[in-house]
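Asker: Protein chains in written order, with UniProt numbering: chain A, 1 to 353; chain B, 1 to 353.
It cannot be assumed that every hint is accurate.
[Stated by the list, open to error] Pulled a few chain A residues facing chain B out of the computed Cβ check, cut under 8 Å: (1) 9; (2) 35; (3) 159; (4) 173; (5) 187; (6) 218.
These are computed hints drawn from the structure, not numbers from a lab. Every residue gets a Cβ at the ideal spot worked out from N, C-alpha and C, and that includes glycine.
There are 2 protein chains.
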Amino acid sequence: MHDIYELPGFRLDSGAVLDPARLAYRTYGELNATRTNAVLFPTWFAGDHTSNEWLIGPGKALDPREHFVIVPNLFGNGLSSSPSNTPAPHDAAGFPAITIRDNVRAQHRLVTEHLGVERLKLVLGCSMGALQTYQWAVSHPDMVERALPFCGAPRTSPHNAVFIESLRAALTLDAAFEGGRYRTPPLAGIRAFARVYAGWGFSQPFYWEEEYRRLGFASREEFVRGFWEANFIGQDANNLLAMLGTWQDADVSATPGLDGDIERALGSITARVVALPAERDLYFPPEDEVRAARHIPHGEVRVIPGIWGHMAGSGANPEDAAFIDAAVRDLLSAPVPAAGPAAGRRAETPARL
Amino acid sequence: MHDIYELPGFRLDSGAVLDPARLAYRTYGELNATRTNAVLFPTWFAGDHTSNEWLIGPGKALDPREHFVIVPNLFGNGLSSSPSNTPAPHDAAGFPAITIRDNVRAQHRLVTEHLGVERLKLVLGCSMGALQTYQWAVSHPDMVERALPFCGAPRTSPHNAVFIESLRAALTLDAAFEGGRYRTPPLAGIRAFARVYAGWGFSQPFYWEEEYRRLGFASREEFVRGFWEANFIGQDANNLLAMLGTWQDADVSATPGLDGDIERALGSITARVVALPAERDLYFPPEDEVRAARHIPHGEVRVIPGIWGHMAGSGANPEDAAFIDAAVRDLLSAPVPAAGPAAGRRAETPARL
């Protein structure tokens, strides 16, 4: 159950135009009279708005009795504009490249023009949701009061890109893929893709300790099939590739006007930022966010301890979910940074889209 | 330039018989009159005896003026018996599964029956060479005085197996593979295999720091093609799969008589062991060897510092090569453990093949 916000003639960073672009979203709770309780929570790779619901609900950090939570779906995820649901010529392999900034620009219009929100009390997200969170903080310092990226980074590291390219190589190798013009789903390719992912999504000790038993799987092989393959087998291959492309190119310093200067990009963030990398994350390792936080005026890093690796951010492990929930509560109750050097920078750097 | 030792009617752990099995090897230096200077240095995945030569030579830790260095080639590597060089019915996809113990058993016959060596001053090896090193120490406590496994472990961890399975999934997905009965090499599969490997072989900061420039590559993509793809593109696909199988099943506790008891297996090692895991190794992480060393009576771990990850053991990085060279020198000059509890155990556990 979700709504669609249509953006007629939506021009992408690539120059291509989606007419319209369709942004699927769901809201939880109500905007208060002073319009000060809006929280934006973009989705992760191959997820949708329901993927975020473990952190939303009565008694949870994002309590809809208190907050107005907006969850926009990532372009390419099959609900928002995607290869699988866009008419020719932008269907399937004809779907244009989409950037994190394209996502944020569409979300900005949804939030401001459609939902009447001018300030965001918090932007948060996991993994590709974290990439969007950082981009929001850089593109709209005037709107974002707090940001909580988890299991992510302000830009996709070169190593992470190598991982992404290996996923792409596995998926597209399937003869059934036919350059993206497949008539039947390239299931063998998606299974190989899932097997590559399986090594990266959790940490080495997750497998040593057989933590997958906590997810109901009796063996490693059952876990790889029942969790990883099952998670991706129903996805459209071109959708997966579209999202991979968005992920691989993520970089807040590529925002127009910043000339690829990552320190300047991070230095322009005025929000209070609490980044939560996971201790054993293999493709968004904590050092990415530690390095970034040095340049964010009100930036802080709290490492999610444990062996779940990247999937610590999934909400599936109760201990990790509780850690994230507590951090969200803390940040929501923390004061917004006072005007200072960062605010001064903000004046120099108005909204960058 | 290498020699071949033939083992007629060589029975494998699987029950299959290679008649003969052919063990390719090269020796460096001469066995001294007292037969006390022999060093065994098995090879790694997809390498051959020349891959080990960076540590062998005048002035190096393995100086052939002083030591008699024996380098046996791993079964499946294309020089020893392999899918690519064995007659039907054991050719290509018909090649039988080979274990680390099969390799060690063949090497034991080469060393004792052919080369007249009864004691090994040192056994050492990197990665799959380390798997063989541990197996030697467990199977032949009466022969192995010192062992130096680097970038390896006494058994392949479950996470490592997930990585291996992803390599296999990528390689065999190529339609040209044809279940191993390919007529032309499945090059696209090998390239995908190489791309998966690229994310695992080095650490995350290796890519951040663009360390590949030290190997002569100007960009990440050039590195993935020029190093990873180039490294594997000339290999036979079935050979790669044969070695992957050997790697995946490695486990010293599966040695007959040990009933899968890893602590007992490690406790039976009488050699002085110095294990060198690499600090950022993503598939043989240091914790594997730290955990193992607790149970080895004369076991010690020295972590190779730095960001080269698994490839720290390749010899390609001068700092890592110097670290390993120094550790080998140290161990060669260290005394052999005195008879004690470990020797007592040795008496209880004679050679296990």
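Asker: If a hint holds in the structure, say so; if it does not, say that too.
Answerer: Right, here's what the structure says about each hint:
1. 9: For residue 9(A), the interface hint is violated, since the closest Cβ of chain B sits about 35 Å away, which is over 8 Å.
2. 35: Status violated, d = 41 Å.
3. 159: holds (4 Å)
4. 173: holds (5 Å)
5. 187: At 11 Å from the nearest chain B Cβ, residue 187(A) fails the 8 Å test, so the hint is violated.
6. 218: Cβ of residue 218(A) sits 13 Å from chain B, so the hint is violated.
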